[in-house]
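**Q** Residue numbers (our numbering), protein chains in the order written: chain S, -19 to 522; chain G, 182 to 396; chain Z, 782 to 890.
Source of the hints: derived by calculation from the structure; they are not laboratory data.
Errors might be hidden in some of the hints.
So the derived list for chain S, only partly shown, Cβ under 10 Å to chain G, looks like this [claimed, not checked]:
#1 Leu208
#2 Gln444
#3 Glu502
A few chain G positions that, by computed beta-carbon distances, are all more than 10 Å from chain S [unchecked claim]:
#4 Leu195
#5 Met215
#6 Phe217
#7 Lys245
#8 Leu270
#9 Arg321
Ideal Cβ positions, reconstructed from N, Cα and C, are used throughout, including at glycine.
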Amino acid sequence: MGTAVVEPGIESRVHYLNASYGIKSWLLTTDHKRIAMLYLASITFFFFIGGAAAVLMRLNLISPQGALLEPATYNKLFSMHGIIMVFFFLIPSIPAVLGNFLVPLMIGARDLAFPRLNLLSWYIFMVGGLFTLYAVIAGGVDTGWTFYTPLSTTYANTQVISAALGVFIAGFSSILTGLNFVVTIHKMRAPGLTWFRLPLFLWAIYATSIIQILGTPVLAITLTLVALERVFHVGVFDPAVGGDPILFQHLFWFYSHPAVYIMILPSMGVISELVTAFSKKRIFGYSFIAFSSVAIAVISFLVWGHHMFVAGQSIYAGIVFSVLSFLVAIPSAVKVFNWTATLYKGSVSYQAPMLYALGFIGLFTMGGLTGLFLATLAVDAHVHGTYFVVGHFHYIMVGGAVMGYLGGIHYWWPKISGRMYPDGWARLSAAIIFIGFNLTFFPQYMLGYLGMPRRYAVYAPEFQVLNVMSSAGASILGVGYLIPLVYMVWSMRYGPVAGPNPWGAKGLEWQTPSPPPTENFEETPKVTEEAYAYGTEDTQVA
Amino acid sequence: MHSSAALAEQFDDLEQQHESSSFGMWVFLATEVMFFGGLFTAYIIYRNFYLSAFEAGSRLLNVKIGAANTAVLLCSSLTMALGVRAAQLGKKKLLITFLVLTLLLGLAFIGIKLGLEWRHDYLEGFAPGVNWTYHGSDSRHLELFFCFYFFLTGIHALHMLIGVGILTTLIIMAGRGKFSPQRYNPVEVSGLYWHFVDIVWIFLYPLLYLIGGRY
Amino acid sequence: MVGHVVHKRLYILVFAGLIGLTALTTGVAFIDLGKWNTLAALAIAVCKASLVVLFFMHLRWSSGLMRMALLAAFVWFAILVALTLSDEFTRQWTPVPSSWEARMQQNVR
C-alpha cells in the first residue's frame, strides 16, 4: 500500500531543485523550498555536533569515577549539548525545515509573505551558529544551557558571552520565521481555505509561531543583561549588590518553558498529518486538536515557575505554577485521545512515517505523564535536579519531537526530493531508534528516582548498572540516527521516482508535482472540501 | 506597468501586499514590546525593593533635558506621520523634507542623550562599571538604578540609531522615486517602527525622571 | 491603493495634546501626591501612548487583526510582570514554623 509511482520523463521537468544551478542560486535564493533545504543541511550538521557531545558524556558515565573526562570538561559538554540541541536543532527543526517547505504549499501560495526576510532568517541562524561554534572551540561554556546566575555572570571563566551571543542571534532567526508564518497564514490562504479547513500541521505551526514571537524577545533581553553584567561588572543579578539571581531564572524560563512547546507543537502537528494519512481516515476531533494547539501556546506562558520550585521561589507562587502546569497537560492529552480515536477502525498501514507517529504517541505520553509528576511540588522537591528530569524531557524531546521530525521528513521526502527512500531500511531505523531510545532513557527515570543528580561527571557506585544500560542504549540510538542519513542521501540519486501523491493523501501539497515547481502551483488552487476528506470520493467506508 | 512593478511576486494584489506588510510590522512591534518588557519587569521589581535609592537616583537626572528630549522625539513623530501622509499623496519633495526633519530630530535626541546626559553622568562618577565614584549610603542600590538608567536609555538609543539608518535608506529610496500612492509600505512601516520607539520613551521619561519625589 | 489619509490638522492637534500632556506630567512630578504620583505619571504616559498608537500609527483606522497583535503584546507583558511579581512580592509571606523560630532565637543568644 502506498508504493511509489514511476513517472516517465520527470528528469526533463523544471522544478525548484533544477530551476537554477550554482552556489549563488542557493545562497541568494528566496524560494522557501530552497531555504528549507539550507536549514535542513544546517540543523543536521548541528544535530551531529550536539550528538557528539552526548556520545562523550555517555561514554564518561560508564564508570562511577568518570571514565573519560575531568568534571570541568564534562560540564562544558553537557552545556554545549544543551545549547546546540535546543537552540540549533530542536527549535528550528520542524518550523524551519518542514514549515518553510510546506506552509506556502499547504495554503496554496507561491511563497511566504516575506521571502527575503526568510533568507535573512537563515543567515542570522548561521551567524548565531558560528558564534556558538566559536564558543566551543575557544574553550566551551560550562554554565549549562540555562546560564544560571551568578555562575554565568560572576564566577564562570568560560565562553559565556560568545555562547550567549550565539543564542541571542539565533533567537532573531526564530522570531523572524515565526513572524513570516503568522502573516502568511493570516493573509495568503487560497480561495476557499478557511481557518477550519487548514491542515492541522498549520494550526500547530501557527501556535508555535505565536510562542516564538512573544517569548523569544524576553530571552534576548535576559542574555543581554547577563552579557552586560559580565562586561561591566555590575550587579543586576548579584545578591551582593541587591540583585536577585532568581529574577534571572524568571526572565529565562519565561521564554524557555514556552520554548519547549516550540519544540513539541510542530511535531504534534506532524503526527496529526501522519495519523490521518496512514489510517486513510478523517481525523477525529479536528477542532479539538486545532484549539488544543492554541491552548498549549497560551497556557505554556503561565507555567514557567515549575522550573524554580526549589530555587528559592516563594511557595505561594510555586502553588500557582503547579496548578497551572497541570492545566497545560490537558490540551496535550486531548490530542493523544483524538489521534487514538483516529486510528480506531482506520485502514492503518505501517510504513516508516507511521512507525514514527506511533512511537511518538507512546513515548510522548510517557514523557508527558512524568511531567505531571514533576509539576507536583512535593514530588519535584525530591526529583528536581536528578536524572528523572533528564528522562522526562528526553522522552518528550527525543521520543516526541525528534521522532515527529523524522516521521515528517520521511512522509514529505517524496515531495521534497521527488524520490522515495527505501522503506525497509527506514522501518529498520525506526525500530532501532525506538529500542535504542528506550534503553537510553528509561533507566534514567529510575536513576533519578533513586537519587542520581544530573550534570555531574561522577556518581555513586550503586548507579553504575543503570548508567551502563543507558550508555549502551545511546550507542544503539546513535546507529539508528546514522542509517537514515545514508539512505536519504542515497535516495536523492537512486531512489525510485515518486509521483505527486505516493501516499494517496489529502492536502494541497499533494496536488502539485514532486518536486514542486518554483512557483508551487500552475494555478492558484481553490479549496472546496474539508481537511482530510478521506472516504468521500468513492464508496470506501471508514 | 507602474503598479505591476510595485507588486511583489508572492502577493496576489496590492491590497494583500499592503496589509501583509503592515501586519508584519505590528507583529514585529509586539516582539519589541516583549523585549523592552523584560527590562521593565526587572526595573519594576528593583524599584519596589529599593525605593529610596531609586528615587534618589531619579532626582539626580536632569528633568529639563529629559523633558526637552521628550519634546524633540514627539516632534519627530509628528514629522514622521506627516511624511507618511506625503507618501500616500505622492508628494515626493514633501516626503523627503519630512523624512530629513525626522532624521535630524532623531539625531538631536541621540546627541542630547549621549553627548549631554550620559557624558555628564560619566564625568560626575555615576556610570556603573565604567566610572562609579559614589560610596555614600545605599550606594549599591543607587548603582543598580543607574544600571537600569543606562541599559534602558542605551537600548532605546540603539533602537533610535537603527531608526536613523532606516530613515537614511528611505530618504535615498524616496530620492530615487521608489515610492508612490500605490506603493509606500516601506515608509508606512518605518513610521510604525519610529512611533514605537517614541512610545518606549513616553514610558521611560516618567519612570526614570519623574517619580523620584521631586517635591 | 492608498490607506486612510489623515488630515494634517488632526496630526497637529494630536501633537499639541502630546506636548500638553508632557508638560502636565512634568508639572505633576513637582507636586506631592504621595503614592498617586506614580499612578498619575503612568496614566498620563498611557494617554500619550494611546494618542500615538491610535492616530500617528493609524490604529484607529486599522483592522482588528493589528489591534489584536498589539493587545496580545501587552497581555503577554502583563503575564510576565504579574507572575514574576507573584513570586518576588510573596517571598516574605512564608510563616516560620514555631520550632524554627525557637531555634533561631536560641542561636541569636
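**Q** Look at each hint and say if it fits the structure.
**A** Here's how the hints hold up against the structure:
no.: 1; hint: Leu208; result: 7 Å, holds
no.: 2; hint: Gln444; result: 43 Å, violated
no.: 3; hint: Glu502; result: 15 Å, violated
no.: 4; hint: Leu195; result: 13 Å, holds
no.: 5; hint: Met215; result: 4 Å, violated
no.: 6; hint: Phe217; result: 8 Å, violated
no.: 7; hint: Lys245; result: 27 Å, holds
no.: 8; hint: Leu270; result: 26 Å, holds
no.: 9; hint: Arg321; result: 4 Å, violated
Hint compliance for this structure: hints 2, 3, 5, 6 and 9 are not met, and every other hint is.
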